[in-house]
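Q: Place chain S on chain Z using the hints.
There are 2 protein chains.
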Amino acid sequence: MTEVNRDQLLAKLRLELGSNAVLSGHELPARNRTDWSFLPNAEPLAVVRPASTEEVATTLKLCHEAGIPVTPQGGLTGLCGGARPLDGGIALSLERLHGIEALDPVGMTITVRSGTPLETVQKAADDAGLFFSLDLGARGSCAIGGNLSTNAGGNRVIRYGMARDLVLGLEAVTMDGTVITMMNRMIKNNAGYDLKQLFLGSEGTLGVITRTVLRLHPKPGCVQAALCVVAGYEQVLALLESARRSLGPLLSAFEVMWADYWRLYADRVPGARPPVSLGSGSHVVLIEMQGLDEVIDGGRFSVWLEDMFEKGTVVDGAVSRSLADLQAFWTTRDAAAEFANPDVAGPHISFDVGLPVGRMDEFASRSSVALSETLGCRSVYYGHVGDGNLHVVAWVKGAVTQPLPAVSDVVYRIVRELDGTVSAEHGIGTLKKPYLGYSRSPVEIDLMRRLKSCMDPKGLLNPGKVFD
Amino acid sequence: MTEVNRDQLLAKLRLELGSNAVLSGHELPARNRTDWSFLPNAEPLAVVRPASTEEVATTLKLCHEAGIPVTPQGGLTGLCGGARPLDGGIALSLERLHGIEALDPVGMTITVRSGTPLETVQKAADDAGLFFSLDLGARGSCAIGGNLSTNAGGNRVIRYGMARDLVLGLEAVTMDGTVITMMNRMIKNNAGYDLKQLFLGSEGTLGVITRTVLRLHPKPGCVQAALCVVAGYEQVLALLESARRSLGPLLSAFEVMWADYWRLYADRVPGARPPVSLGSGSHVVLIEMQGLDEVIDGGRFSVWLEDMFEKGTVVDGAVSRSLADLQAFWTTRDAAAEFANPDVAGPHISFDVGLPVGRMDEFASRSSVALSETLGCRSVYYGHVGDGNLHVVAWVKGAVTQPLPAVSDVVYRIVRELDGTVSAEHGIGTLKKPYLGYSRSPVEIDLMRRLKSCMDPKGLLNPGKVFD
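From first to last, the protein sequence lines stand for chains Z and S.
159 is the number that my numbering gives to position 159 of the first sequence; each next residue is one higher, with no gaps.
269 is the number that my numbering gives to position 269 of the second sequence; each next residue is one higher, with no gaps.
Bound-form chain Z, shown alone (with noise of 0.2 Å):
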């Protein structure tokens, strides 16, 4: 494409949308450039920020016409790239598209549109006397229709399952502009194909995600968790098991974190305060319930830990008493945020790789032992164990570069190996794309590839993204 027809798409998207809409030379805005992959800036021809449907679809129209590649961004969270813009391309950013446009506390259902912050909405559910179940670190930075495009998972999946389960109705825009407007409100609807799907999950490569009409759950009675430190893999599964069975649907969260992360994180993190002591111990499980109600689930939980105790699947542990444990048990997981700090590991590389449950320990043992010994890599292990999601934080100490392409390859042979998934919730984007076949045969890229040309036959709409 020319010099002028650039100018020329720039200057229509400006007549059509105004001038703050469409940012380009030295207006562009430096955290447009990438997402929080770490990749490297790119050079976009301008960002643009549509404030209605309408406006996304003139954008996509003109870009489509004008053969322009487009990105969508929602609050540029995502860790694997998928929102980095082209060079050359648009950067569509949703941010000005957002607010809640209807709560119905009768149906239970919220309304948003897509450049909303996760936060608002659960604020907005929260207000309401209902409750919101997504929730991820990122709450207060990302945005719903990045959530949705991601099919993101987050701390109470095992409970409410991912974004996908959480989305009733959708309006997706594609590349040539039309406008597909499928806001459902019901449970249950079976009339037809349901083409929601196709924008979940598919990290805006074939539509652009403008409005969603999202499930609300009521707002849990009651929280209570506990840590509990367990002498070997088996106790972690029977202690699921057991969770599972004594507390059925209230169990809303199960997540372990092994030996060699409890041990970095207490030893190394600045002011870290563990409520229980790893002793010889092999992990420690973070178990929380939602409740319905103070007295009743919270003499259940209190019931079933001391039974766990007795049987010995528990050797060492504290249950909450208060909020502030409660805060202070989730700070020993979410102290993966610090593993950053020099002090703690610095710079490295960060997996979120799916297994069997039954298989989670032969993997993290495989692939302790596979980067220490073959790249001199350190690595701690810790997840969801209850949705089979584990993560992986891997460096090598003092590397000016970590060596991503080496270590990737070690963890995802494993993964492979075990049956594994490359993905469990951040998505491909660009970083994985490599190791996609690893997860999925040459039959189902061929399908995803055939699904991407009938919804974008020119290859316009967030090219270069989860496939090539």
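Calculated from the structure, these hints are not laboratory results.
Be aware that one or more of the hints could be misleading.
One copy or two, either will do: identical chains are not told apart, so a pair holds if it fits within one copy or between any two.
Here are the simulated DSBU-like pairs of lysine-lysine, each with C-alpha atoms no more than 30 Å apart in a straight line [claimed, not checked]:
hint: 1; residue 1: K12; residue 2: K452
hint: 2; residue 1: K458; residue 2: K433
hint: 3; residue 1: K123; residue 2: K61
hint: 4; residue 1: K61; residue 2: K12
hint: 5; residue 1: K12; residue 2: K458
hint: 6; residue 1: K311; residue 2: K219
hint: 7; residue 1: K311; residue 2: K433
hint: 8; residue 1: K452; residue 2: K61
hint: 9; residue 1: K433; residue 2: K452
hint: 10; residue 1: K397; residue 2: K219
hint: 11; residue 1: K123; residue 2: K219
hint: 12; residue 1: K433; residue 2: K397
A: Only chain S this time, still in chain Z's reference frame:
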């Protein structure tokens, strides 16, 4: 296609699959000529019964080459004609592709071939001390592949979701014979597009489901139910809101029977023994709780119900004291299956519409009056109100043929006006095709057509279903 080509296709199929897998002429079983939609029998060329995924692929490939349409068939219990074959086409029965392949008690998954009856899956889970939550009246006859391809709903959606929500992995074959194996066993997997969604709820028009990995849950520790008489729809909503708060995720069913339904059941169904009396009440509500512990949760249930009485939300009611009570309560709801008895309603037309919960009573009133005034048609209303799904049974007493199009026009016109859906759980098939546009926009239907062309360019897989 000429007679000779047809004979060649059958000969090839017999060669590849064996003679007993290809039934034509006088061997063609009567049951495969239609489904439970009461549509007239079709005259298919043959019924083909593959016993493996490979045989399904071979069948589709040969039919694709020959240009012969194929209609997949599971248990043939669908109510909308989705499994009725085409005259001169192939009925692809999955009945021989059955059986449990694996059950993982740690990961809580079961791997099943698509021709397996739902009840067999339920029983296998139960035998392993676990619970498969999908349940519907035709459990002994329907096949799991049909449940998935129609995204079946049923009795416990309020707690566990629909069929779609229970599927972790899937294998499907497209019309050209390509086998797409996506047998994921993990709750979280964001590695690329979630392709299995294409085959769930698309009524066998995009691919034939051959195998699946399903999610299991812990077996409930106790089950309790109550039948509650209320004096207005506002009280139904108040009861639902309170049940959601006080029972939370333990609430496993919230079924409502409108007064006319209850009277038809209580006064006309032979052997009816109503456990409560309607009196001047407006609705009877069946509430079921799946608890964890008889003492703790049974007590919780009783205390909550007493509170509902004291507040006046419930004016009369009964609570289950035994399994026999539980069954007796469900009998009042399952009595709808007896309405075809000439002493009750006789031949009738059934609907499975979906509506925002707050507007269901408005719908029932308007529909009842409109049907009566314009067509002299009686109608009764009941359904899964907690899920936004209402069933309608409508009939013109003594009519030689029930006026399906006229009744449908009236019912679906009101559904459209109230932003509802023409199918909450049964699907579109052929019967509801004229009304798909009442719930989905031309843009949505156009996208469905594009997907269909992308997956099945020759239009040979279950043609004429969902849309033309």
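Q: Classify it for me, K12 with K458: is the Cα-Cα distance of at most 30 Å met within a copy, between copies, both or neither?
A: within (21 Å within a copy, 41 Å between copies)
Q: Between copies, within a copy, both or neither: which fits K61 and K12 at Cα up to 30 Å?
A: within (11 Å within a copy, 50 Å between copies)
Q: Within a copy, between copies, both or neither: which one fits K12 and K452 at a CA-CA cutoff of 30 Å?
A: within (27 Å within a copy, 35 Å between copies)
Q: Within, between, both or neither: how does the pair K397, K219 come out at a Cα-Cα threshold of 30 Å?
A: Close neither inside one copy (44 Å) nor across copies (48 Å); limit 30 Å.
Q: For K433 vs K397, is the C-alpha pair at or below 30 Å within one copy, between two copies, both, or neither?
A: Cα proximity of K433 and K397: one copy only (26 Å, versus 64 Å across).
Q: Given identical chains, is K311 near K219, meaning Cα to Cα at most 30 Å, within a copy, between copies, both, or neither?
A: Close across copies (22 Å), not inside one copy (33 Å); limit 30 Å.
Q: Go through the copies and call it for K123 and K61: within, between, both or neither, with a Cα cutoff of 30 Å.
A: Neither way: K123 and K61 sit 35 Å apart in one copy and 53 Å across, limit 30 Å.
Q: Between copies, within a copy, both or neither: which fits K311 and K433 at Cα up to 30 Å?
A: neither (46 Å within a copy, 59 Å between copies)
Q: When no copy is named, should K458 and K433 be tagged within, between, both, or neither for a Cα gap of at most 30 Å?
A: Classified as within; 20 Å inside a copy, 32 Å across copies.
Q: At most 30 Å between C-alpha atoms: does K123 with K219 qualify within a copy, between copies, both, or neither?
A: Intra 12 Å, inter 34 Å, cutoff 30 Å: intra-copy only.
Q: How do K433 and K452 come out at 30 Å by Cα distance, when the copy is not named: within, between, both, or neither?
A: both (16 Å within a copy, 28 Å between copies)
Q: Classify it for me, K452 with K61: is the Cα-Cα distance of at most 30 Å met within a copy, between copies, both or neither?
A: Classified as both; 17 Å inside a copy, 24 Å across copies.
The structure does not agree with the numbered hints 3, 7, 10 stated previously, though it agrees with the rest.
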